[in-house]
Amino acid sequence: MSERLERGLNTLRAQIDTKVKSYFSSCVHCGICAEACLFYTETRDPRYTPIYKTEPLHKVWQEEYTFWGKFAKKLGLSRSLTEADLANWEELVYDGCSMCGRCSMVCPVGIDVAYMIRKVKEGLAASDYSPEGLVGAAQRAVEIGSPMGIRLKALQAQIKHVEADTGLKIPMDVEGAEYMALLSSMEIINFPEYIEALARIFKQAGVSWTLCSEAFEATNSGLQIGNSTVAAQLLERVVAGAEKLKVKSVISPECGHAYAAIRWEGPNWIGSPYSFKVIHILELLDELQQSGRLKTSGKEAARLTFHDPCQIVRRGGVEAQPRRLLEPIAENFVEMTDHGRMNWCCGGGGGVSANERAEGLKLKAFNRKKAQLDELNVETIVTACANCRLVMEEGLEENEMDIPIIGLSELIVEYLVEDKE
Amino acid sequence: MSNRFMSKHSQKFTCQIYFFLYLIFFLCLLSPLNVSASGPAASKINNPSNDLWISVRHNTESGKVTSQVKSVDSTVLINPQADRWTRFRMTQLINYGLFILSVVAVVIMLFYLFRGRIKLEEGLSGIMVHRFTDYERILHWMLAIVFIFLAGTGLILLFGRPLLIPVLGHEFFSVLASASKEGHNLFGPIFFVSLLLMLFRFVRRNIYAKGDLTWLLKGGGLIGKSHVTGGFFNMGEKTWYWIVILTGLAISVSGLVLVLPNFGQGRVIMELSHVVHGIAAIILVSVSFGHIYLATKGTEGTLESMKTGYVDIKWAEEHHDRWAKECHDNDRLISAEDYAKLQGRVVLDQNVSASPLMEETK
Amino acid sequence: MIADFIDGPFWYFSLTVFTIGIIWKLVTIVFGKRKADLSVARGSGISGAIKTIFSRFKADKGMTPHIRLQVVAGYMFHLGLFALLFFAAPHVLFLEENFFSFEGMSFSWTPMPHWAFIIASEFAFLGLLMLWLHRVLNPVSRLISTADDHIASILTFVVMLTGCLALLESFNELRLLHRFSVELFLIYFPFSRLMHAFTFIPSRAFTGAWFGRRGISS
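Protein chains in written order, with numbering that gives the first Met the number 0: chain U, 0 to 420; chain G, 0 to 361; chain A, 0 to 217.
Hint data in this document are derived by calculation from the structure and do not stem from the laboratory. Even glycine gets a Cβ: it sits at the ideal position worked out from N, Cα and C. Treat the hints loosely; a few may be bogus.
[Claimed, not checked] To give an idea of the chain U side of the interface with chain A (calculated C-beta under 8 Å), a few residues: (1) R12; (2) A35; (3) P191; (4) E192; (5) W263; (6) E334.
[Said to hold, decoys possible] Heads up, simulated SDA-like pairs for lysine to any residue below, C-alpha to C-alpha not over 20 Å straight-line: (7) U:K58 <-> A:S144; (8) U:K298 <-> U:S207; (9) G:K340 <-> U:G339; (10) G:K180 <-> A:S38; (11) G:K306 <-> G:N45; (12) U:K168 <-> U:G135; (13) G:K340 <-> G:M305; (14) A:K34 <-> U:G339; (15) A:K34 <-> U:R367; (16) A:K57 <-> U:T209; (17) U:K247 <-> U:E192; (18) U:K363 <-> G:E336; (19) U:K247 <-> A:P89; (20) U:K159 <-> U:K202; (21) G:K180 <-> A:F197; (22) A:K50 <-> A:F197; (23) G:K180 <-> G:M305; (24) A:K34 <-> U:H338; (25) A:K34 <-> U:T81; (26) G:K306 <-> A:L183; (27) A:K50 <-> U:M341; (28) A:K60 <-> U:E192; (29) U:K276 <-> A:I118; (30) U:K276 <-> A:L37; (31) G:K180 <-> G:F158; (32) A:K50 <-> U:G339; (33) U:K363 <-> U:D401; (34) U:K58 <-> A:P89; (35) G:K306 <-> U:K159; (36) A:K60 <-> U:G339; (37) G:K180 <-> A:L37; (38) U:K369 <-> U:R43; (39) A:K34 <-> U:D401; (40) G:K306 <-> A:A196.
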């Protein structure tokens, strides 16, 4: 047995918990999960069936925990996991799955398929069967601090622009601030409007906040590649920064998996609860709006819809807030037929957009989102994830659809009532 | 049969000839000539009660009998129909039924012997076209499986006495017959439901249209090598469809009358239903032999349509040229590579990506 | 001789394997060690767990047109089987005699009328046939199905069929055939996907709890 295979097997074995046992005992291979997965529906390739993507983990479970599996192994008849399996499943799991979790919502016996696919990634990552793009991103994240290689200098340059545009100071390393805001590399480089939005909204609402020079990166490449050790390492920087600045809460930005990483997975990676709270920017804005500290005036007339980022809404729980925030500022807001927790993925989450090899498949998967948009005939798309935004922009361009996309925070700021000084 | 002087193909052919000859011989043994008809022997002694009973029968037939019991057939003391019906079943239905089934089977076997498998002129190309949806195939196979079960149990019930009791003995046969009857009765309504679903699903594609008569006049391409035209379904398939629907409905309705006797059916209706049921069943089973043969061994490339839902474009062009043209016009062709993907048969290359990061963080 | 075996020792053996197998599997799942989730919950995991046990009985509206066959045939089969298993007269009698009789006292319930029994059986057969055919003909289920799935479907069908064949209740051979197939079914059950009949509850609960903590109804 090769070393890689052995590492993969050991990791997969360690991934099997009670939930996995229950799930594999319950699956009757009905195939309903396939109809929920955009990679299947847009290609009709049965290998993208979500439960099929868990096959490496399933094989290990079968051999270790089932009567027939153990029996067959004793007789030397079982078809154990091979290195070829790991190699073949790399494409299915990393290119053909965005971890959107729609499959987990529809399984009749209640299997959280995405939960298990995440575990398969651990095995693949441990055996070095991961896409080049993600490996590089993780490397840069560990060494430089950002998967896109953005250092503090680059952030500071963007901050300078924002300060010049707004006339506001962006707080950095302010000890004792109430909130510490994180940013995704994508936002820093492609959508610095987010930083401007934060500055203006927090100024108006009187929110005490800060950035942290040692820990500003929200994204977690460890989560994307499926390596909890790397994920914990990256997260610990944020925890250290937050503790150093003694902030009460950390704000997760408009980035899908960053929220999953810091809000839900983080404490389990580092093995202890935080000394601070974690709040998503949409949750905070919603709180500010409910308490009257955030006021808007005027409404966006364009017909628009909201694309629900999977990790924030379905897997994160922030479903009602974007709607409450859009209600006062959108005159013509229409929901996609499958919306909220059942909305369709943009196709680029879970590391797919960082994986060049998956480009073709990702564009094909986008046809699902295209179909949703074609039904609605909207003039604008609002979303709350920089990655979704970029992926959708690429998809729209590929399909020659001219629909602008805007971040929710950015949209709110357009109608923000600000005190004139 | 020597094997030094004949090629493997000739050997196989000869084997088949012998097999079929034995089968024909066996079937001849079971011919109508051997199944004895039962009927009452003519009486030579004058029975003093004869006049009484003739009068009872006469009054029954002219409706002059009354009864305190108010239920179906309570005024029927002698059912003259019954004798006719029994004789029909025991002599004509069983004998002619067996004969028809045997003849059809033999004709098909002879056809295969002489014509062989109808292969595609240009062979299979690997380029596929979608023909039947999952639902349509599920419906077909459900009807087929239920039909075969019903045909099997039904034929056991019909031919059991003359054919099976001599072989299996009374005791075993009574168990088999009881089981067959219960199974037959329960699955009958399932057949009816499946039939209705098939009716609704396929009726539009089976309406006779232009070109169908030409197909018939050219013998459907079965005789000789003339090219025949066809739409989604050719005339032969449409005719099979209508045979299934019409005989199937006759079987189903008569079957329901038979299996639900609590709706005021008298003996006469039951006897009639049985006659309809039996005749329609014999017709359907014998024509089904042809359908099964043509769909499996008979023509190359046909079974795939019901197994996978896809057919080779060459098959479509040769058997259903008008539909094939539609597929070409609407760009519905699927390459062999894409087809393999749709069937989940792609095995990926081993693309290994080594990761130095993993070494560092371990 | 065979009759005594099927009505006697083999029955007790199959029942024992069935009962112990199920209890063992469920205990390992329900009482298995679980790592506590250290994140701060937004909603209640327990209420999410209980809600999801029931919510998954209903298919999502947007999904339904694409999974209609599985849902319709699935319910036809399961409800039909449930009805005939527990409310068909011969079964009610069997259960009363074998499980609910003690020292002269017995407990039973009203069976459904015979016509309802027949209709339930037909629904069950129709559903099971459609589901198994779907498993074989649909590329997705064909790819992911294992021998276990097929054996389970066919074994269930054989149990139902032998029951149907013995409906007249006049031949001991047919009754024994049915009972024997049931015993094989009971032995196979704990070692197969048939366990989903029980494990669907903890599975739905686990997932419901996961989403419940996040405040998402699932």
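Hint check results:
The beta carbon of R12 of chain U is not positioned within 8 Å of any beta carbon in chain A (closest approach about 15 Å), and the interface hint is therefore violated. Taken as an interface hint, A35 of chain U checks out: its beta carbon lies about 6 Å from the nearest beta carbon of chain A, inside 8 Å. For P191 of chain U, the interface hint is violated, since its Cβ never comes within 8 Å of a Cβ in chain A; the closest pair sits about 30 Å apart. With 8 Å as the threshold, the beta carbon of E192 of chain U stays out of range of chain A, its nearest partner Cβ sitting at about 28 Å, so the hint is violated.
For W263 of chain U, the suggested interface contact is upheld, since its CB lies about 5 Å from the closest CB of chain A, less than 8 Å. A cut of 8 Å between beta carbons decides the hint on E334 of chain U: the least distance to chain A is about 12 Å, and the hint is violated. Distance hint between K58 of chain U and S144 of chain A is fulfilled; the C-alpha atoms sit about 14 Å from each other, no more than 20 Å. A hinted pair counts as satisfied when its Cα atoms are at most 20 Å apart, and K298 of chain U with S207 of chain U does not qualify at roughly 28 Å.
The suggested pairing of K340 of chain G with G339 of chain U is violated, with an alpha-carbon distance near 32 Å, which exceeds 20 Å. A hinted pair counts as satisfied when its Cα atoms are at most 20 Å apart, and K180 of chain G with S38 of chain A does not qualify at roughly 63 Å. Proximity of K306 of chain G to N45 of chain G is assessed by CA-CA distance (about 68 Å); at most 20 Å being required, the pair is judged violated. Of the supplied pair hints, the one linking K168 of chain U and G135 of chain U is violated, its CA atoms being roughly 34 Å apart against a limit of 20 Å.
In summary, the hint linking K340 of chain G to M305 of chain G is supported, as the alpha carbons are separated by about 19 Å, within the 20 Å threshold. Restraint check for K34 of chain A and G339 of chain U: not satisfied, since their Cα atoms lie roughly 30 Å apart, outside the 20 Å limit. Restraint check for K34 of chain A and R367 of chain U: not satisfied, since their Cα atoms lie roughly 37 Å apart, outside the 20 Å limit. The straight-line distance between the Cα atoms of K57 of chain A and T209 of chain U is roughly 46 Å, outside the 20 Å bound, and the hint therefore fails.
Distance check on the hinted pair: K247 of chain U and E192 of chain U sit about 25 Å apart at the alpha-carbon level, beyond 20 Å; violated. Proposed proximity of K363 of chain U and E336 of chain G is supported: the alpha carbons are some 17 Å apart, at most 20 Å. For the proposed pair K247 of chain U and P89 of chain A, the alpha carbon gap of about 68 Å is over 20 Å, so the pair is violated. A distance of roughly 17 Å separates the Cα atoms of K159 of chain U and K202 of chain U; the hinted pair therefore holds under the 20 Å criterion.
Distance hint between K180 of chain G and F197 of chain A is unfulfilled; the C-alpha atoms sit about 36 Å from each other, more than 20 Å. Simply put, K50 of chain A and F197 of chain A have alpha-carbon atoms about 17 Å apart, close enough for the 20 Å limit, and the pair holds. Simply put, K180 of chain G and M305 of chain G have alpha-carbon atoms about 30 Å apart, too far for the 20 Å limit, and the pair is violated. Among the hinted pairs, K34 of chain A with H338 of chain U is inconsistent with the structure: their alpha-carbon atoms are about 32 Å apart, more than 20 Å.
At roughly 29 Å between alpha-carbon atoms, K34 of chain A and T81 of chain U are farther apart than 20 Å, so this suggested pair is violated. Taking the CA atoms of K306 of chain G and L183 of chain A, the gap is about 31 Å. The hint is violated against a cut of 20 Å. A C-alpha spacing of about 17 Å is found between K50 of chain A and M341 of chain U, which places the hinted pair at or below 20 Å, so the restraint holds. For the proposed pair K60 of chain A and E192 of chain U, the alpha carbon gap of about 37 Å is over 20 Å, so the pair is violated.
Restraint check for K276 of chain U and I118 of chain A: not satisfied, since their Cα atoms lie roughly 58 Å apart, outside the 20 Å limit. Straight-line distance between C-alpha atoms of K276 of chain U and L37 of chain A comes to about 12 Å, which keeps the hinted pair within the 20 Å bound. Note on K180 of chain G and F158 of chain G: the hinted pairing holds, with a Cα-Cα distance of about 13 Å set against a maximum of 20 Å. About 19 Å separates the Cα atoms of K50 of chain A and G339 of chain U, which keeps this hinted pair within 20 Å; it holds.
A distance of roughly 18 Å separates the Cα atoms of K363 of chain U and D401 of chain U; the hinted pair therefore holds under the 20 Å criterion. Pair hint K58 of chain U plus P89 of chain A does not hold up; C-alpha atoms about 42 Å apart against a cutoff of 20 Å. Taking the CA atoms of K306 of chain G and K159 of chain U, the gap is near 66 Å; set against the 20 Å cutoff, the hint is violated. With a CA separation close to 13 Å, the supplied pair K60 of chain A and G339 of chain U stays within the 20 Å bound.
Between the alpha carbons of K180 of chain G and L37 of chain A the distance comes to roughly 63 Å, so the proposed pair goes past 20 Å and is violated. A C-alpha spacing of about 17 Å is found between K369 of chain U and R43 of chain U, which places the hinted pair at or below 20 Å, so the restraint holds. The suggested pairing of K34 of chain A with D401 of chain U is violated, with an alpha-carbon distance near 48 Å, which exceeds 20 Å. About 30 Å separates the Cα atoms of K306 of chain G and A196 of chain A, which puts this hinted pair outside 20 Å; it is violated.
Taken one by one, the earlier hints fail for this structure at numbers 1, 3, 4, 6, 8, 9, 10, 11, 12, 14, 15, 16, 17, 19, 21, 23, 24, 25, 26, 28, 29, 34, 35, 37, 39, 40, listed in ascending order.
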